[in-house]
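Colleague: Protein chains in written order, with our numbering: chain H, 53 to 375; chain G, 3 to 301.
Simulated from the structure, these hints should not be mistaken for lab results.
Glycine included, C-beta positions come from ideal geometry on N, C-alpha and C.
Keep in mind that the hints are not guaranteed to be accurate.
Estimated spans, in silico, between C-beta atoms of each pair [stated by the list, open to error]: (1) G:176 with H:124: 49 to 59 Å; (2) G:53 with H:281: 39 to 49 Å; (3) G:114 with H:80: 16 to 26 Å.
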Amino acid sequence: MKTKKRTAAGTGSPEPAISLRNNYRVRRNIWKNRAVYLMILPVVVFYIIFRYIPMGWLSISFYDYKILKGFGGSKFVGFDNFVYLFSNSSFWQALLNTLLLNLLVLLICFPAPIIFALLLNELTHRKMKKAIQTVSYLPYFLSAVVVVGMIYNFLSSTSGSINLLRQSMGMNTINFLQEPQYFRPIYVVANLWQGIGWSSIIYLAALSSVDDTLYEAAMVDGASRFQRCIHVTIPSILGTIMIMLIFQIGSLITVGFDMTYLLQTPTNLSVSEVLTTYTYKLGMTSSRFGLATVVDLFNSVVSFALVMLANVFSKKVAEVSIV
Amino acid sequence: MVKYMKPSKGEKVFDIFNMIFLTILGILFLYPIINVVAVSFSSSSAVLQNQVTVFPVQFTTTAYSKIINNASIYHSYENTIFVALIGCVLTLLATCIAAYPLAFCEFYGKKVYSMMIIIALWFSGGMIPTYLVMNSLHLTNSLWALILNTLFSSYYIIILRSFFTGSIPMSLIESMRMDGANDFTILFRLVIPLSKAALATIALWIIVLHWNEFLPALMYLQDRKKYTLQMILQEIILQNQGALSGASDSARINAEGQMVIPTQIQNAVIVVSIIPMIVIYPFLSKYFVKGIMLGAVKG
């Protein structure tokens with residue numbers, strides 16, 4: 053191979069001549085596009101350093117990684133981290149909590165914005181529709197810290213309005229944030245409050261682009277408003293619903309860190325410890341980077357597989373796909 | 003919608019119930035925010051007796067006077083503004099130069115380039131490796147870590163690419179090339195001025211993202227002086243969990259707050275932290291509906 057190349061560059065026998073001309077064309081194209089290459093240079097550098105090197109560093113999961121020693125000084129331990137983690141019940145507990153929390157979100161927080169959008173779409177009063185819509189996405193712009201702060205206010209056992217209400221009705225106070233059984237409802241309600249308006253935007257946009265003639269045809273056929281909703285409206289936004297579903301399924305094992313972490317109390321950890329917070333604590337608090345990276349790797353691989361699976365599924369069922 | 007048929011009785015009933023239901027929902031969206039504002043302006047006795055709902059009771063600004071001179075809140079505010087503004091400008095620029103070649107240029111390696119961006123959308127190195135890479139570059143404990151963390155985002159790049167190809171005709175680009183303009187000139191003189199709406203959307207997204215981000219701040223910032231607003235907020239709001247370093251201003255506030263009126267101070271801090279979001283909200287609601295549709299075009 054090497055010699056062939058050298059002759060190609062040197063003399064130019066018939067066969068290499070073509071590649072020489074090709075080469076020349078490539079070089080001319082590159083020179084012509086030098087501004088473009090200059091443009092993508094920082095992009096490529098960034099992606100390599102901050103996206104692809106971290107992917108490579110997922111191999112930390114095979115090391116007993118010490119931050120001060122780096123790769124060279126850290127001990128290669130093979131699958132020890134994997135064995136340790138997968139035989140550790142706290143990992144499975146975190147995974148189970150993650151899945152349960154996300155299933156709840158999928159069951160409640162996923163359909164809610166669709167229903168909200170449908171109801172809003174049926175609202176005949178234009179100004180009212182606009183007003184409610186505008187108000188509905190305000191919570192989305194609050195940070196998790198602020199939302200959790202509000203939750204603390206409402207649920208506080210000494211000054212929270214819920215508990216004061218309970219007291220005035222003669223009931224005992226409940227320390228909602230300390231009791232494990234309330235964590236999931238609180239999380240779901242908070243997510244619902246924050247996300248329903250924002251998530252409904254995309255459905256509302258899809259609804260507004262439904263062809264009016266379809267409704268006219270349905271009306272001529274004597275379809276009631278409910279029937280029109282079932283047979284015209286919902287099928288027309290099914291594609292959008294499927295795409296959102298793919299995204300939702302793709303993030304089935306990722307729970308937003310901020311809200312969960314901030315709602316965690318020592319006593320509700322049995323239900324509130326999810327994979328992201330578990331990774332954070334393993335890595336950042338206990339400096340067990342090897343173990344934490346195993347969780348990261350697990351997370352990345354499973355999320356990727358889930359997206360691809362959901363994509364294939366949706367391609368078959370609804371003929372919609374994202375990749 | 004077209005109305006041919008008279009609404010039936012059932013439909014009328016539905017309309018009324020729907021209206022009532024959605025109005026209640028609308029109130030529920032707003033109430034917690036209004037309540038926070040009201041509590042922050044109310045006297046401590048009114049707060050403790052749970053009298054405050056929509057309007058302040060026994061109006062007072064003591065909570066605000068306590069936090070307004072607080073050095074750590076002031077610093078964190080500055081830090082967050084720095085990250086949000088510098089981050090916004092740089093990310094916009096970065097997104098433009100990354101999306102432009104994808105939209106308008108044919109060059110060797112374009113396939114690889116676009117794969118590079120798309121793969122990062124679906125697969126990531128995860129929390130810990132990213133942190134360790136940042137750490138090995140000595141970028142931790144710096145506000146730049148927060149900016150670099152999201153400097154290029156595949157999601158924004160793909161959205162902007164769709165917008166570029168959808169709204170700017172290729173012939174326009176070609177004619178400028180004929181006139182001898184290079185790609186930088188085309189990008190800055192033609193494409194960016196024509197994409198103001200999309201760029202405004204992305205800019206607002208980035209500002210909101212940086213304003214509210216918590217995990218990156220928690221991971222990358224160790225020095226209290228570098229803490230962003232959300233970090234300080236977290237300490238003040240969730241005192242029982244916040245690790246308080248002894249002599250700091252925030253600790254003093256917390257100590258005082260715990261004795262007298264923690265709820266008021268917490269609410270006042272929340273209000274102070276969301277004011278910028280409320281201020282840009284009219285712009286947000288104007289632009290992002292369009293923006294989210296840009297995203298929907300190509301997913």
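Colleague: Checked against the structure, which of the hints given earlier come out wrong?
Modeller: none
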